Amino acid sequence: MMKLVRAGALLFVVGAARAAGAQDLSALIANDRAASAELAAIIVATQESGLPVEPIIAKIRYAVLVAHAPSPKIISTARAMAARLEEARKALAPHPTDPDIVAGEDALSSGVSPKSLQDVRKVSANRPVAVPLGVLAQLVTSRVDEKRAAKIVTDLIKRGASGEQLVALGNEVNTDVAMGTQVNSALELRMNRLNAVLGLPSANGDAATAPTLQSGDPRKKP
Numbered sequence: 001m002m003k004l005v006r007a008g009a010l011l012f013v014v015g016a017a018r019a020a021g022a023q024d025l026s027a028l029i030a031n032d033r034a035a036s037a038e039l040a041a042i043i044v045a046t047q048e049s050g051l052p053v054e055p056i057i058a059k060i061r062y063a064v065l066v067a068h069a070p071s072p073k074i075i076s077t078a079r080a081m082a083a084r085l086e087e088a089r090k091a092l093a094p095h096p097t098d099p100d101i102v103a104g105e106d107a108l109s110s111g112v113s114p115k116s117l118q119d120v121r122k123v124s125a126n127r128p129v130a131v132p133l134g135v136l137a138q139l140v141t142s143r144v145d146e147k148r149a150a151k152i153v154t155d156l157i158k159r160g161a162s163g164e165q166l167v168a169l170g171n172e173v174n175t176d177v178a179m180g181t182q183v184n185s186a187l188e189l190r191m192n193r194l195n196a197v198l199g200l201p202s203a204n205g206d207a208a209t210a211p212t213l214q215s216g217d218p219r220k221k222p
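Counting in my numbering, the final residue of the sequence shown is number 222, and the numbers go up one at a time with none missing.
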């Protein structure tokens with residue numbers, strides 16, 4: 001079974017923290033009521049603006065229970081996430097879904113530019129973009145140049161690559177790099193294999209088809 005390292009996780013995160021979101025926001029950080037109040041204000045303001053708050057709550061829970069981060073760090077992280085969620089919504093306009101926005105925030109936090117989010121939105125028309133954005137973030141995290149990664153993802157979308165093919169590319173490049181392969185070599189290998197399935201890209205990024213010989217074509221052998 002193909003593993004979904006990043007893109008699949010992003011599709012799950014919106015629902016994963018709903019139970020936490022229903023809990024008392026005044027006790028987000030035990031024994032620090034002032035910090036909890038500040039975090040609650042960030043969450044409420046984000047929710048009132050129509051943005052998903054579950055990723056912020058999940059990040060707070062992780063910072064408190066696992067990372068044991070100090071309160072000022074948790075507050076600054078929550079505030080930065082709220083700002084990126086808003087930035088992602090603007091970049092993915094006009095009608096991004098919550099998973100799209102969450103994936104956009106994660107991509108921005110990984111070093112993906114707002115312009116690249118806009119480019120993915122543009123070539124995807126009205127289709128969901130959470131998966132391609134998750135793959136874009138994964139490629140950048142694997143040390144693929146951001147502009148190159150964005151071009152690869154947008155070109156693959158235009159060529160009709162499926163979500164499963166995009167996820168496989170991100171996972172395989174990530175695994176290759178983790179095993180010590182140079183990122184450019186890993187990317188070339190995996191793209192060559194994907195090109196064999198999709199066809200070589202044309203000048204505009206669409207899949208190119210081999211020319212066919214029609215009846216009467218002077219190139220046709222007798």
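Since the hints were made in silico from the structure, they are not lab data. For clarity, every value in this text was computed on a predicted model and none was experimentally measured. Positions of the beta carbon are idealized from the N, C-alpha and C atoms, including for glycine. Errors might be hidden in some of the hints.
Lysine-lysine pairs mimicking DSBU-like chemistry, simulated, CA-CA at most 35 Å apart [said to hold, decoys possible]:
1. LYS115 x LYS147
2. LYS59 x LYS122
3. LYS90 x LYS158
4. LYS158 x LYS147
5. LYS59 x LYS73
6. LYS158 x LYS73
7. LYS73 x LYS90
8. LYS115 x LYS158
Just the calculated beta-carbon pair ranges, DEER-fashion [as the list claims (entries may be wrong)]:
9. GLU48 x LYS158: 33 to 43 Å
10. GLY199 x ARG127: 43 to 53 Å
11. LEU200 x PRO114: 26 to 36 Å
12. ALA27 x GLY160: 46 to 56 Å
13. LYS73 x THR97: 29 to 39 Å
14. ALA34 x ALA80: 16 to 26 Å
List in ascending order the numbers of the hints, as given earlier, that are violated by the structure.
6 and 10
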